[in-house]
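J.: Position chain W relative to chain G; hints supplied.
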Amino acid sequence: MRPFTLATATDAREAVRLVAGDPDAAFLAGGTNLVDHLKLGVATPGALVDVTRATSAEITDLEGGGLRVGAAVRNSDLAADRRVRERHPMLVRSLLGGASGQLRNMATVGGNPLQRTRCVYFQDVTTPCNKREPRSGCGARGGYTRYHAVLGASEHCLATHPSDLAVALAALDATVHVLGADGERSLPFTELHRLPGDEPERDTTLAHGELVTAIDLPALPPATRSTYRKVRDRASYAFALVSVAAAVELEDGEGWVREARIALGGVAHVPWRAHRAEAVLRGAEPTEETFLAAAEAELVDARPLDGLDGGNAFKVPLVTRTLVATLRELTQERES
Amino acid sequence: MTDPSTEQLRPVAIGSDLERRDGFPKVTGTARYAYESEAASPAYCRLVQSTVARGRVDSVDTAAAEALDGVLLVRTAFDAESLETDDGELAVLQSREVAFRGQVVGMVVADTAEAALRGADLVEVAYSPAPHDVVLRTGRGDLYAPEKVNPSFETDTSDGDIDEAVATATAVLDRTYTTAMYHNNPLEPHATTAYWDGEALTVWDSTQGVHPTRAVLADLFGLDRERVRVVCPYVGGGFGSKGEPHVHVVLAAMAARAVPGRHVRLAFTRQQMFALAGYRTPTIQRMRLAADQSGRLAGIAIDVVEQTAKVKEFAEQTGVPTRMMYAAPHRSTTHRLAALDVPAPSWMRAPGECPGMFGPEVAMDELAEELGIDPVELRVRNEPEVDPESGLPWSSRNLVACLREGADRFGWADRDPRPGLREEDGWLVGTGVASSVYPVNRMADSTATIRREQGRYVVEIGAADLGTGTWTTLAQIAADALEVDVAEVTMRIGDTAYPIASVAGGSSGMTTWGSAVVNAARAFREKFGPEPPEDAEAQGSTEDNPATERFAMYAFGAQFAQARVNRDTGEVRVPRLLGVFAAGRIINPRTARSQLIGGMTMGLSMALHEQSVLDPRFGHVVNHDLAEYHIATCADVAEIEARWLEEHDPHVNPMGSKGIGEIGIVGTAAAVANAVHHATGVRVRNLPITLDKLLPALAG
Chain G
1 MRPFTLATAT
11 DAREAVRLVA
21 GDPDAAFLAG
31 GTNLVDHLKL
41 GVATPGALVD
51 VTRATSAEIT
61 DLEGGGLRVG
71 AAVRNSDLAA
81 DRRVRERHPM
91 LVRSLLGGAS
101 GQLRNMATVG
111 GNPLQRTRCV
121 YFQDVTTPCN
131 KREPRSGCGA
141 RGGYTRYHAV
151 LGASEHCLAT
161 HPSDLAVALA
171 ALDATVHVLG
181 ADGERSLPFT
191 ELHRLPGDEP
201 ERDTTLAHGE
211 LVTAIDLPAL
221 PPATRSTYRK
231 VRDRASYAFA
241 LVSVAAAVEL
251 EDGEGWVREA
261 RIALGGVAHV
271 PWRAHRAEAV
281 LRGAEPTEET
291 FLAAAEAELV
301 DARPLDGLDG
311 GNAFKVPLVT
321 RTLVATLREL
331 TQERES
Chain W
1 MTDPSTEQLR
11 PVAIGSDLER
21 RDGFPKVTGT
31 ARYAYESEAA
41 SPAYCRLVQS
51 TVARGRVDSV
61 DTAAAEALDG
71 VLLVRTAFDA
81 ESLETDDGEL
91 AVLQSREVAF
101 RGQVVGMVVA
111 DTAEAALRGA
121 DLVEVAYSPA
131 PHDVVLRTGR
141 GDLYAPEKVN
151 PSFETDTSDG
161 DIDEAVATAT
171 AVLDRTYTTA
181 MYHNNPLEPH
191 ATTAYWDGEA
201 LTVWDSTQGV
211 HPTRAVLADL
221 FGLDRERVRV
231 VCPYVGGGFG
241 SKGEPHVHVV
251 LAAMAARAVP
261 GRHVRLAFTR
271 QQMFALAGYR
281 TPTIQRMRLA
291 ADQSGRLAGI
301 AIDVVEQTAK
311 VKEFAEQTGV
321 PTRMMYAAPH
331 RSTTHRLAAL
341 DVPAPSWMRA
351 PGECPGMFGP
361 EVAMDELAEE
371 LGIDPVELRV
381 RNEPEVDPES
391 GLPWSSRNLV
401 ACLREGADRF
411 GWADRDPRPG
421 LREEDGWLVG
431 TGVASSVYPV
441 NRMADSTATI
451 RREQGRYVVE
461 IGAADLGTGT
471 WTTLAQIAAD
481 ALEVDVAEVT
491 MRIGDTAYPI
501 ASVAGGSSGM
511 TTWGSAVVNA
521 ARAFREKFGP
531 EPPEDAEAQG
541 STEDNPATER
551 FAMYAFGAQF
561 AQARVNRDTG
571 EVRVPRLLGV
581 FAAGRIINPR
591 TARSQLIGGM
601 TMGLSMALHE
611 QSVLDPRFGH
621 VVNHDLAEYH
631 IATCADVAEI
641 EARWLEEHDP
651 HVNPMGSKGI
661 GEIGIVGTAA
671 AVANAVHHAT
681 GVRVRNLPIT
691 LDKLLPALAG
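As they're listed, the protein sequences go chains G and W. Terminal number for the first sequence in UniProt numbering: 336, no gaps in between. Terminal number for the second sequence in UniProt numbering: 700, no gaps in between.
In short, the hints are calculated from the structure, not lab data. One thing to keep in mind: the hints can contain errors.
[Said to hold, decoys possible] To spell it out: a stretch of chain G is covered by chain W in this simulated footprint if at least three of its residues, at any positions, have a beta carbon under 8 Å from a beta carbon of chain W; those stretches are:
#: 1; stretch: 116-129
#: 2; stretch: 132-145
#: 3; stretch: 225-236
#: 4; stretch: 308-319
[As the list claims (entries may be wrong)] Here are the computed lysine to aspartate or glutamate pairs in the EDC-like style, where the Cα-Cα straight-line distance is at most 20 Å:
#: 5; chain 1: G; residue 1: Lys39; chain 2: W; residue 2: Asp625
#: 6; chain 1: G; residue 1: Lys39; chain 2: W; residue 2: Glu188
#: 7; chain 1: G; residue 1: Lys39; chain 2: W; residue 2: Glu84
#: 8; chain 1: G; residue 1: Lys39; chain 2: W; residue 2: Asp121
#: 9; chain 1: G; residue 1: Lys39; chain 2: W; residue 2: Asp69
Cβ atoms here follow ideal geometry from the backbone N, Cα and C, with glycine treated the same way.
Only chain G is shown next, with the shape it has when bound in the complex (with noise of 0.2 Å):
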C-alpha cells in the first residue's frame, strides 16, 4: 500500500482540476472497490480526491418523463426512489441484484460503472495481468475462467465488468454527463466501455481528470415492460455469471414485438447491448422460436474459454436460456 494525500472537493470544476492536472491521481466516491484496490496494491494513486460533495446527489425530473441521476446518488437511494420504482423495474432489480446492503448504502451511481473487474488475476498482485500492469501478460488464460467473457474478449485481456447497475443503463440507453478539464460533454451510456483489445488497462472512454457528474434516464414507452434476470452461484452477494437486462414493447401489449431493448451482465468487458438480439426481435412475434433465434444471433460470435473446471463453456448456453426465459416472462400474458 503506497501512501496517499486525500482531499475533499467540493465542486465538481475544483475536483477536476485536481485530478486531471496530476497523473497521479483519482477520484474517490463510494470507496467500495477502490479502497480494496489500495489495500492489495492493485490500485497505488499518490492522490484521491473525494467527489461525494462534488457532484449532485439529487434525482431530478426531465421533460418528458426523464430522470438525471446525480452522480453521488447512492445506489440504495436510487433503488428506493419511487419514480425509478415505477418507471424502471429493471433498473432497480439490477441495483438490488448487486453486492449487499451495506456496499449498496455506500456505492455511488457515478462510481458504479465505472468499478473494475473482479478477474482474481487482476486482483492478486502476484499473477500476471495486461488489465493491472500492461504487457505482463494475462493470468486467466487457461486458468479460472468461470467469470470471465464469451463475447469480444481479446487476446490481452479475458475479463468481465462487474457492475449489475451498468448492464441496465445499457439497455436503457441512459446518457452519461461528464466535467472534464475542457469543459462538459455527453455520451450515451453504450459508449462509456470498451472492448480490451490491445489496451486492456482502459476500461472506458474517459480521459483521466473527467469525472462523471450525471446519469440521465430517458423515459420508456408507457407498455414497455423490463426486467433484470442475474443467474449467479449463490442467493445473494455473488457477481453474475450471467445476466439479462430485457425492455420490451408489444404492439397492443399482446401482439408482435414494437421494441426490444436488452443487454447481456457476466459475458464481456463491457455491459453487452446485444443489438443483434434485438434486431431478431423487433416486429417478430413473440415466441419461443423467435427468443432462441435472438439468441443464438447475438451468440454468433461467441468464444467459451478452455480453463479450470470446464473453463467457461458452460456460458453460452446459459445466456441463451435466461435470455429466452426472460423474454418469455416479459411477453406472457399478465395473470389477472
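T.: Chain W alone, transformed into the frame defined by chain G:
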C-alpha cells in the same frame, strides 16, 4: 451398570436454554479479541510472502523497508532467530527453502499498521524457483499410505473379503465421488498480540486451546511452560483452523522479542488465511457397495485419495466412518496421499466424517434407487446391532429413530421416488436424505478448580469458547454438579493462568472439560460440604472413561433436504433443511441449536458453494477472498431446523452428553446432492453442485 466416572448428574441448569453469558459484551463491542487486547504502545507486524511455489530465496533487499519512517525492524530467513522445532509448518523463517506459494519469507514491524504494510511491499526478494507439483489425481505414481490417519486411526482396514462380496452380490455399485478443497474461514482472522517481559512471553491469541498453544510456544522458544501465558477469552470462530497454532502466533512472538517493551499485533489478512491457516484436503473417494435384492449390504468399501503437504503431513481420516456405519460383513477402507508443494492441510469441522460421509451417503442413495428401495428404509435395513468395527455394543445408537422422526416431520411418506417429475413455477423440486455420525471423543489432561469467592462459586479452567457457548454451558454443568443455582457460578476460561484444558476439537469440549468440572465439584463438596468457607478450593480432572472399553460411543443424525433447481438456468436453491440428531443429553438447547444449524449451514455451503480454486500454474488458491470463495449467505439458507431426540446414555460422561459441534455438517452435502438428483435426475458426484453441472441435462 454405570461407572462411577459417568454417574449421572441430576439436570436442573443442564437442559435449560440460558442466554449466552458472553452475548452482551459481544454485541455491545466490549469483548476484546486477540488483536484488540490492551497495549500501551503497540507495534504492528505485516508479512512478506513467497511468490513462487517452490524454490529457494537467494537474497533479500530490506534497505528500502528499513529506511521507511516508522519501520522498527525487518526479519527474513537470513537474520531471524532460531526456533527449536521439527514442525515444517511452524519453522517459519528458519530456512531459505520455499515449500509452497504464500509461505512467509519475511516480516516487517512498524509503529503503525500502514507503515508495516508499506514496508512489507518494499522488501525485495530474489528466488531461484524450482518446478512445483500441486495437482492431486488418482493416477499419480507417488501416492503413499501414511503410517496413521488423523489423529491415530489405522490407515487401511480390511474385514472379510470385499472382492468376493462384490463378485457375488446381486447389486453392485462402484462409483467415484469428490469433495473440493475447503478453507475454514472463520470471521475473525488468525490474530495475536505478543509481549515479552524479559524472558516471559504473553500472547493474546485467537485459539481453540490456550494450553496447547502454550506448549508449542514454550518448545519453540526454549522456555519453561510457566514462562508463557496464552490468553483468549473470545474467539470469532475457528472451525478447526485455530485448533493448532499456525505461524501467526510464532511470528508475533518473534517480532515482539525483537522490539522489547512493545506489544506486537499481527493478524492474517483474508488472503493470507488461504495460505497460512490450514484447510481441508480435496478428496477422491471410490465407493463400492455390494448388496442383495433386499438392500442388505454384504460389502462396503471406500478407497480415498487425498493430499498432504511436503512441508508437513496431515492425513484426513476420510474412510473412517465407513468402518462402522452400516452392517456389512465385508468391509475395506484405504487412504492414499499425494505429498504436494502446497500449504499443510489441517483440521476443518468434522475432519474425516464430513468429507467421508459424502461418498458413502450418495452411494447409498444410488443403491436405493437401483434396487427400488426407499433410501430411509435402505439405511434402516443396514442398521448394525453392534459396532461392526470393534464388535462392541453401542453405548446408544438412535440412527433409526432419527431417520424415522425426520421422515415423519419432513413428510417423507408422501414422496414419489422417481426423479425429475415435480415442477413448481419453473423450478424442479426434489428431496433427499443422508445419515450423520460423529464419535464421542474425550481428551486427556483437563483440570478444573472450584473456589468459594465472595459467596460465589468460581470455576476456573483454561477451556475455549469459539462461539460455541462454553462460557454458559460449563456454568450449567458446574451448577448441577454443585447443586446450586447457575447464577451463583462464575466462570473463568480462556487463559493459561487457569488449570490446563484440552483443545476445543473433536467435539470433545463438554465431555472433557465438563467431566473435569464435575470431578472438581464432587471433590469440593466432599471436602467442604454444603456450606463451604470463603476461599475453599478443590480441583478435579478428567479421567479415562473405562466404559470406552465396553461400548462404542457415537452421536447419530439424519439430514433431510429439499432442493429446487431452476428449469431454465440450473440455479440450485435449498428451501428446507431438517436435521434430527441423537446426541445424548443437550446441555443448552439455545447454544445447541446454534451449533447444529451452523454445522448444517456449513454443509449446505459445501454442497452448493465452497471450493478453493488452486491454480496449478501458480500453485496457490486464486479465489482467496470472501467475494470469490463463496460461503452460503443468509439468502441461501431458508427454512432450517435442527431437532434432537431424548437420548439417555449413562456411559459417555456424567452429563450424559455427546459432542454436537461437528455432527451438524456431516451428511448435509449428501442429503442436498440426493435431493438435487431427485429433483432433476442428474447425479452430481463432484462437489460443489453448481449450475454448469446440471445445465446439460435440463430440457431445452
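J.: Below or equal to 20 Å on CA atoms is what counts here, so check Lys39 (chain G) against Glu84 (chain W).
T.: With Cα atoms ~35 Å apart, Lys39 (chain G) and Glu84 (chain W) exceed 20 Å; violated.
J.: Hint check: Lys39 (chain G) vs Asp625 (chain W), CA-CA at most 20 Å. Holds or violated?
T.: holds (13 Å)
J.: Take a quick look at whether Lys39 (chain G) and Asp121 (chain W) sit within 20 Å of each other, Cα to Cα.
T.: It holds: about 11 Å lies between the C-alpha atoms, which stays within 20 Å.
J.: Closer than 8 Å Cβ to Cβ for three or more residues is the test here. Does the stretch 308-319 of chain G pass it with chain W?
T.: holds (count 6)
J.: Are there three or more residues in the stretch 225-236 of chain G whose C-beta lies closer than 8 Å to some C-beta of chain W?
T.: This one holds; 6 residues, not fewer than the three required, reach chain W with a Cβ under 8 Å.
J.: Take a quick look at whether Lys39 (chain G) and Asp69 (chain W) sit within 20 Å of each other, Cα to Cα.
T.: holds (19 Å)
J.: Do three or more residues of the stretch 132-145 of chain G come closer than 8 Å to chain W, measuring C-beta to C-beta?
T.: holds (count 4)
J.: Within the assertion that chain W covers the stretch 116-129 of chain G, do at least three residues meet a Cβ-to-Cβ distance smaller than 8 Å?
T.: holds (count 7)
J.: For the pair supplied as a hint, Lys39 (chain G) and Glu188 (chain W), confirm whether the alpha-carbon distance does not exceed 20 Å.
T.: holds (18 Å)
Going through the hint list in order, the structure does not satisfy hint 7, though it satisfies all others.
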